[in-house]
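Engineer: Sequence:
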Amino acid sequence: MNEPVASTDAVSASQATQVAKESATPRRQDSFPIFLLKLVVIVTLFRSLVFSPFNIPSESMQPRLVNGDYLLAAKWPYGYSRHSLPFGLPILPEDRLLATPPERGDVVIFKQPPLKELDYIKRVIGLPGDLVQMVNGQLYLNGVPVAKQRLSDFEIAVSPNTECYSLQFVAKRDDGTDVCRYPRYRETLPGGRHYEVIDLGIREKDNTEPVLVPAGHLFLMGDNRDNSEDSRFPAEPGRGIGLVPMDNLVGRATIVMWSTDGSAEWFKPWTWFSAARWNRLGGTF
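Numbering (our numbering), first residue to last: 2 to 286.
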């Protein structure tokens, strides 16, 4: 009397196993696209809200940053806007959410006015309400000269990523290596924040009219004072930046994660290592 019941149970178990296999098949087929979608979402959120990589394509921030440096920028310190998103996706408003102003001395990444297409990097010198002026190459902040101390020359090897500003600054090390050698100084802002700058002598924009930084804006400068089209220059596409709106901020520089002198070749793997500037890795701001 129990045999039919046992037989029915066996059939039911077999059917259940078959149904489970069939239902599992489409899930396995969908898993890879779903994985890719999740990965894209995670990477987008990370780059939008946490950290994003940037590379240095010029010499305007020497000596702190050089052409060929790759750094991570923190996205949260100043809040978020559409400029925080990859490709400037119009998901967030132009105005910043959770906005926090930067501090003097911060190295910031921002969208260059007026087109907001290119990412630039400069140092914050003037905050809203500050009066900024250059007099014979000396930075004045609110009528007071910023402390400036002469240091040993900054020296960097000539490479595919580095050329000297002019023949005046070409030199050789004892081992015959061609280098660029520039006068280096330490500036100390009110409050004690200090950083190094390059000053090549009296050049364009070493004398400026005093500029009062308006509300919601920043006065930014490159550390390579005579090779940087910064807030001393009017905003023009691909050139000067003028006074930068805080809403254009993208993030704050945090750490150098890689640096190359540009001599690496794809088909010569050993040059990937010989081209690295190992001594620059891990530098923080």
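Treat the hints with caution; some may be incorrect.
Ranges between beta-carbon positions, derived for each pair [unchecked claim]: (1) 267 / 119: 40 to 48 Å; (2) 270 / 184: 34 to 42 Å; (3) 154 / 101: 35 to 43 Å; (4) 191 / 269: 19 to 27 Å; (5) 269 / 36: 55 to 63 Å; (6) 169 / 280: 43 to 51 Å.
Below, a list of computed lysine to any residue pairs in the SDA-like style, where the Cα atoms sit at most 20 Å apart [said to hold, decoys possible]: (7) 117 / 59; (8) 149 / 132; (9) 173 / 163; (10) 149 / 197; (11) 173 / 154; (12) 117 / 206; (13) 149 / 100; (14) 117 / 136; (15) 206 / 275; (16) 149 / 105.
Derived from the structure by calculation, the hints contain no laboratory data.
For glycine and all other residues, C-beta sits at the position ideal for the given N, C-alpha and C.
Engineer: Hint by hint, say whether it matches the structure.
Structural biologist: Results for each hint:
no. : hint                  : in the structure
1   : 267 / 119: 40 to 48 Å : violated, 26 Å
2   : 270 / 184: 34 to 42 Å : holds, 38 Å
3   : 154 / 101: 35 to 43 Å : holds, 37 Å
4   : 191 / 269: 19 to 27 Å : violated, 50 Å
5   : 269 / 36: 55 to 63 Å  : violated, 35 Å
6   : 169 / 280: 43 to 51 Å : violated, 26 Å
7   : 117 / 59              : holds, 19 Å
8   : 149 / 132             : holds, 18 Å
9   : 173 / 163             : holds, 14 Å
10  : 149 / 197             : holds, 9 Å
11  : 173 / 154             : holds, 13 Å
12  : 117 / 206             : violated, 24 Å
13  : 149 / 100             : violated, 32 Å
14  : 117 / 136             : violated, 30 Å
15  : 206 / 275             : violated, 38 Å
16  : 149 / 105             : holds, 16 Å
In this structure, the hints that do not hold are numbers 1, 4, 5, 6, 12, 13, 14, 15, in rising order.
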